[in-house]
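Colleague: Here is what each chain is made of, one letter per residue.
2 protein chains.
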Amino acid sequence: MRLATLNDSTPDGRLIVVSPDGAHHAYAPVATLQQALEKWPARHDEMAAIRDFPEALDESRLRAPLPRAWQWLDGSTYPSHGELMAKAYGREATWSPIPLMYQRLSDRFIDPRGDVPLPDEAHGIDFEGEFGVLTQKVPMGIDADAAAGRIALLVQINDWSLRHLAAREMKTGFGWIHAKPASSMAPFAITPDELGSNWKDGRVTLALEVEWNGRPFGHPNGAAMGFSFPELIAHAATTRELPAGTVIGSGTVSNPDFREVGSTCIAERRGIEMVDEGAARTDYMKFGDRVRMSARTADGRRPFGTIDQRVVASSK
Amino acid sequence: MRLATLNDSTPDGRLIVVSPDGAHHAYAPVATLQQALEKWPARHDEMAAIRDFPEALDESRLRAPLPRAWQWLDGSTYPSHGELMAKAYGREATWSPIPLMYQRLSDRFIDPRGDVPLPDEAHGIDFEGEFGVLTQKVPMGIDADAAAGRIALLVQINDWSLRHLAAREMKTGFGWIHAKPASSMAPFAITPDELGSNWKDGRVTLALEVEWNGRPFGHPNGAAMGFSFPELIAHAATTRELPAGTVIGSGTVSNPDFREVGSTCIAERRGIEMVDEGAARTDYMKFGDRVRMSARTADGRRPFGTIDQRVVASSK
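In order, the protein sequence lines correspond to chains W and P.
For the first sequence, counting from 1, position 51 maps to 51 in this note's numbering; every step adds exactly one.
For the second sequence, counting from 1, position 77 maps to 77 in this note's numbering; every step adds exactly one.
These are computed hints drawn from the structure, not numbers from a lab.
Worth double-checking, as some hints may not be accurate.
Claimed, not checked - Distance windows between CB atoms, simulated:
id: 1; chain 1: W; residue 1: Gly149; chain 2: P; residue 2: Arg310; range: 29 to 39 Å
id: 2; chain 1: W; residue 1: Glu260; chain 2: P; residue 2: Asp8; range: 55 to 65 Å
id: 3; chain 1: W; residue 1: Gly149; chain 2: P; residue 2: Asp145; range: 28 to 38 Å
id: 4; chain 1: W; residue 1: Ala167; chain 2: P; residue 2: Arg51; range: 52 to 62 Å
id: 5; chain 1: P; residue 1: Arg296; chain 2: W; residue 2: Gly90; range: 50 to 60 Å
id: 6; chain 1: W; residue 1: Gln35; chain 2: P; residue 2: Arg51; range: 46 to 56 Å
id: 7; chain 1: W; residue 1: Ala146; chain 2: P; residue 2: Arg168; range: 19 to 29 Å
id: 8; chain 1: W; residue 1: Ala223; chain 2: P; residue 2: Arg296; range: 54 to 64 Å
id: 9; chain 1: P; residue 1: Arg290; chain 2: W; residue 2: Arg259; range: 52 to 62 Å
id: 10; chain 1: P; residue 1: Asn7; chain 2: W; residue 2: Pro29; range: 27 to 37 Å
Note that beta-carbon positions come from the ideal geometry of N, C-alpha and C, so glycine has one too.
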């Protein structure tokens, strides 16, 4: 089952169920995805039983499937990315048995085709292609086995970053505020069964294809996560309960053969250049630049739909 | 004007306006504080015009005035606290012209008299007494002068911390997840005019009285913030818009004469012991311990009411 949210000018939009062929939709029996996640799996079962999709789907009206969330916790789980960045910046690369995770602003996810307003090109504007999960309510202290059963839906995320602001904030130990503006979400939130065997070991094992200004930039596979989504949920819930609709992210998708398959963020390409050539030569994004991201199955389907966005100057 | 939220078994509770004598209330013309903040100052003006308070106020039914928020950003703005902790832990203490701030979980604020469920005494359970503001919607890139006009209400916060989990997370640079469970909020959110001359230079210039298990622990004054609340809002909004109802915190209140006035968190007392005596001898909280916090005016009023809470073991 694939769910999406129509723009109806309300903060949370109108939840719809998308037909199997992707061309039509039905209105969900509940107004918003947040409300559906609060009564999962009952709402799932009602929506999965829908067989009549009377409305034509207009993708240009789709918002982020969850336009805002009560929590958004992003991991950094791809070892090849962490090791490369440590090498590029002269930090010690140590594998940790504890996931890296940070608290992310959750009051908005930018629409998949929405412009991304940012204040300054000099901040080092970068995209980050990721996969994520939306959870049901999760009790404090859950273990990873039980956490697998709390995953309601899978999503695809563009986790915007302002790289030149990141190092200073990271050094404080307090994490990022300026370096992490609002994220974006691809239009379809999907149940894991939509992926068949490409939902495996709590990971999305699809290539995430990224284009920057129309040119292929990378297509690494999501399978290489050093921790599974259930492990990330258990980590997140160690000392807190998670509300329904919590978003948990994988961090930027990366593969060990990044020189061949490319990257899902500019920072990683710059890291490769620093290691291989002694200096980064690829610049970050400029206003007007576009990024396009979508995960693709072996038979050519794009289950999460496509993020296709332009960076623009914010006006004060 | 003082606002509070009655427990009516809904997630956001029922907003009420408290009478000047604190003994009665009227139902607000809008159901929740979040809704009021989204239409501020119009809702403020309607509520401030109320003269009839027909209901007896039952403080035991009061929740956090904002039971959940779309963003909660906490500062660490008291120089005496930062300098002491750096000295105690052998870090370099450097004054920064940029505020320290981190993204905090915002999906719940624990009720002022609610039990605080935590998984393990060994985590180093600590309270942190703070002041905070609730904002109207704030545009990206606002300056501090304009940010002053976006402050709707003042609040008092207990920012729970698990100290023994904090150092590891801080070293990652990603900020805290395990070390920062849900915070609590005192029952009354108040307009700045309620404080008269004790709202000065964008700071709450009241002593915050803290008792731990019935014994006085500290009563430092909120005035000593190294940055004002408008400066913190401007910092927070540098690369993001802030939604209505954003909570911005001062960090644990601290004064340079902490040896005389005491502290609002156990970590600071332990830091004093480490510096003065070579080792911390005050333990963190145990299950069953209580903490009580309220700011007091010179004439004995407690404008935010009182946080009075017990720490309990969470059940899986």
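Colleague: CB of Ala146 (chain W) to CB of Arg168 (chain P), is that within 19 to 29 Å?
Modeller: holds (24 Å)
Colleague: Given a hinted range of 52 to 62 Å, is it respected by the beta-carbon distance of Ala167 (chain W) and Arg51 (chain P)?
Modeller: holds (56 Å)
Colleague: Verify the CB-CB distance for Gln35 (chain W) and Arg51 (chain P) against the hinted window 46 to 56 Å.
Modeller: With Cβ atoms ~38 Å apart, the hint is violated.
Colleague: Should the hint that Gly149 (chain W) and Asp145 (chain P) are 28 to 38 Å apart at their CB atoms be regarded as holding?
Modeller: violated (51 Å)
Colleague: Check the following: the C-beta atoms of Asn7 (chain P) and Pro29 (chain W) are separated by a distance inside 27 to 37 Å.
Modeller: Taking Cβ atoms as reference, Asn7 (chain P) and Pro29 (chain W) lie about 29 Å apart, which means the hint holds.
Colleague: If you check the beta carbons of Arg290 (chain P) and Arg259 (chain W), does the distance land in 52 to 62 Å?
Modeller: About 59 Å separates the Cβ atoms of Arg290 (chain P) and Arg259 (chain W), which means 52 to 62 Å holds.
Colleague: Per the hint of 50 to 60 Å, is the separation of the Cβ atoms of Arg296 (chain P) and Gly90 (chain W) within bounds?
Modeller: Since Arg296 (chain P) and Gly90 (chain W) have Cβ atoms about 52 Å apart, the given range 50 to 60 Å holds.
Colleague: Is 29 to 39 Å respected by the C-beta to C-beta distance linking Gly149 (chain W) and Arg310 (chain P)?
Modeller: holds (32 Å)
Colleague: If you check the beta carbons of Ala223 (chain W) and Arg296 (chain P), does the distance land in 54 to 64 Å?
Modeller: Distance hint for Ala223 (chain W), Arg296 (chain P) holds at roughly 58 Å.
Colleague: Range first: 55 to 65 Å. Now tell me if the beta carbons of Glu260 (chain W) and Asp8 (chain P) are that far apart.
Modeller: Given range 55 to 65 Å: holds, Cβ gap about 59 Å.
Checked against the numbered hints listed earlier, the structure breaks hints 3, 6; every other hint is satisfied.
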